[in-house]
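Number of protein chains: 2
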Amino acid sequence: MGGDHGPSVTLPACKAFLAAHPQAQLILVGSADALAVCVDWQRVRVVTASEVVEMDDSIEVALRRKKDSSMRIAINQVKADARGVSAAQACVSAGNTGALMAVSRYVLKTLEGIDRPAIAAVMPSERPGGTTVLDLGANIDCTAEHLLQFAVMGTALVAAVEGLENPSVGLLNIGEEAIKGSEVIKQAGELLRQASSDGHINFYGNVEGNDIFKATTDIVVCDGFVGNVALKTAEGLASMLSKFIKQEFTRNVFTKMAAVVAMPVLNHFKARVDHRRYNGAALLGLRGLVFKSHGSADAFAFEQALNRAFDAARNGLLERVHDRILETLQAMPTSPNEKQDDSAESSKVVSLLGIARTA
Amino acid sequence: MGGDHGPSVTLPACKAFLAAHPQAQLILVGSADALAVCVDWQRVRVVTASEVVEMDDSIEVALRRKKDSSMRIAINQVKADARGVSAAQACVSAGNTGALMAVSRYVLKTLEGIDRPAIAAVMPSERPGGTTVLDLGANIDCTAEHLLQFAVMGTALVAAVEGLENPSVGLLNIGEEAIKGSEVIKQAGELLRQASSDGHINFYGNVEGNDIFKATTDIVVCDGFVGNVALKTAEGLASMLSKFIKQEFTRNVFTKMAAVVAMPVLNHFKARVDHRRYNGAALLGLRGLVFKSHGSADAFAFEQALNRAFDAARNGLLERVHDRILETLQAMPTSPNEKQDDSAESSKVVSLLGIARTA
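Protein sequence lines correspond, in order, to chains A and B.
Quick note on numbering: the first sequence equals residues 1 to 359 in the numbering used here.
Quick note on numbering: the second sequence equals residues 1 to 359 in the numbering used here.
Everything labelled a hint here was simulated from the structure, so no lab data went into it.
On a predicted model such as this, the values are computed, not experimentally measured, just so you know.
Accuracy of the hints is not assured; some may be wrong.
Claimed, not checked - In silico lysine-lysine, DSSO-like type, Cα no more than 30 angstroms apart, as pairs:
1. A:Lys79 - A:Lys109
2. A:Lys243 - B:Lys67
3. A:Lys180 - B:Lys66
4. B:Lys67 - B:Lys109
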């Protein structure tokens, strides 16, 4: 139901996704009216919801008042029951990001060893698969330990989705030298170096904003404020440049003729940096997989978010994050997360890992 | 002497600048060898220096060991003597940024009411003059009061250089709503709103990364970590897109033919977003005007930095920053800067404002 276009975009994307993945099954959650057209689709189960979280609803409204929202019910599908079984392996939404994070966190809870979930997305770069950046806005003030957790979760994500076992991690900073940056960043650098020398991650060192696009590392880690500014700055610049190019090529009859000649080249260029190909941000660190599509996604873009969620589920992202974070924290005797390590929590995680594979 | 190219770029730029501004005079500071060619130039005085701060020198080296560096001597030219007279009204360098800030701060000191100098630069945007952003890396951890000072200094800068008396200021955040962001950002929002309702600045509210390019406001204020990441992210994306466009147009004989046809349009586009036109970052908040050219600047770009410094000096940037910051702080009885308001400091500032105009 979410995003700027709702089912007019999400349903065609689902249809294309099902056609491309004969082994996949979908649970579609939304209003009965909107989903009436898909009751007889193959490999689809329809679950109706009486409410919808709107794009401008506050987190409060989404969390406390709309308890029968399509968003809430969709997230419920990935929640493991007492036997560790969930109806779905991953949830994809194009809805309100703040509400999606809050409801996911409330319904699913965080994985053991994770203080705060993070939002990870791929930005187009000189690297064919793009560069994975996190956090992109879920956490404003982060400690060094949070940044370490982001690095571990990002590593698990790239390993699962791209099949790259030892992706490199950069710490976003304002200079390459280890002495640069705030105290938190310097401490995070030390934790990341330690985790790297223990073999839990592959830490490259500090990177700067331009390294996201140079793809100096596979993953770039930062706090959510900085990540969000970087993402929106890049989106803003790309959109301005695209507008200027259009204006220049439509200036007069000569430039319009030039546009016709240049069109195939420009289209090739456009496809190469098409952010739609990278649609589908992962909400990492939860006891269930949730992916967020851009609200403005078209059917092609939304299908990519479905693909990303499918790959993550198929390649055991949840278990990878869980295993890696525990390994890393166990190697750090001074970890502030030890307090969370009570046996009730542990057994819950273990049972979660027994999720039946439905797809 | 500074920058990637040294006098081979800066001297031709100086020559072009002098030709364009018959009323301007230059003091060129550098090694005797490098400046031998300009001893007989009109309206030029040569001051020799025995040392040069290298691009990779630490701040320590620049500050403590190279006391006869061209950078140090150039900054000395804008320092007011006991009578409030300085040899030059502004200093321009393409050298090591960290060293330039440290030496400027050490030699010139900050203006009354300013805790920390900031680096302000213009980023190309949908606004014809570009959008002024500060701080771009001088201050990593900022308080709300620092962000207010940046807003006031940025206002004075745009007023002086663009002749726009009431430029709008946006606070860089991760959402437009006043409740978004960290505690520091929320407090800064309150201070900025207060200063705006008192008529000292023209505060628009929160802006996001993309608003820099949409030119939602004339000025965007942020801490130096976030500003530096935003700047380098934009530079990195621009450089990747430019590389990709070149690759696409040189792919084969057909794309090369398309390039010939599209060239005039692409050149027009390129000129429109040419960052060289905006070269020349201001080090604001010091008792003297210092401008930083990009290290990679060519002669055209370096000349723009000279122009920017010239306009700032001519339009009384120093006095504007001084007056605005005092007005703003006087209207805020709870300001933490009151402690600096001792009479010795005040008389120093007043004498500074009596600088003889040499140009």
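Against the structure, the hints come out as follows:
1. Restraint check: the Cα-Cα separation between Lys79 (chain A) and Lys109 (chain A) comes to about 9 angstroms, which is no more than 30 angstroms; the hinted pair holds.
2. The suggested pairing of Lys243 (chain A) with Lys67 (chain B) is violated, with an alpha-carbon distance near 49 angstroms, which exceeds 30 angstroms.
3. Pair hint Lys180 (chain A) plus Lys66 (chain B) holds up; C-alpha atoms about 22 angstroms apart against a cutoff of 30 angstroms.
4. Of the pairs offered as hints, the one joining Lys67 (chain B) and Lys109 (chain B) holds, with about 17 angstroms between alpha carbons and a cut-off of 30 angstroms not exceeded.
Going down the numbered hints, you'll see the structure goes against just number 2.
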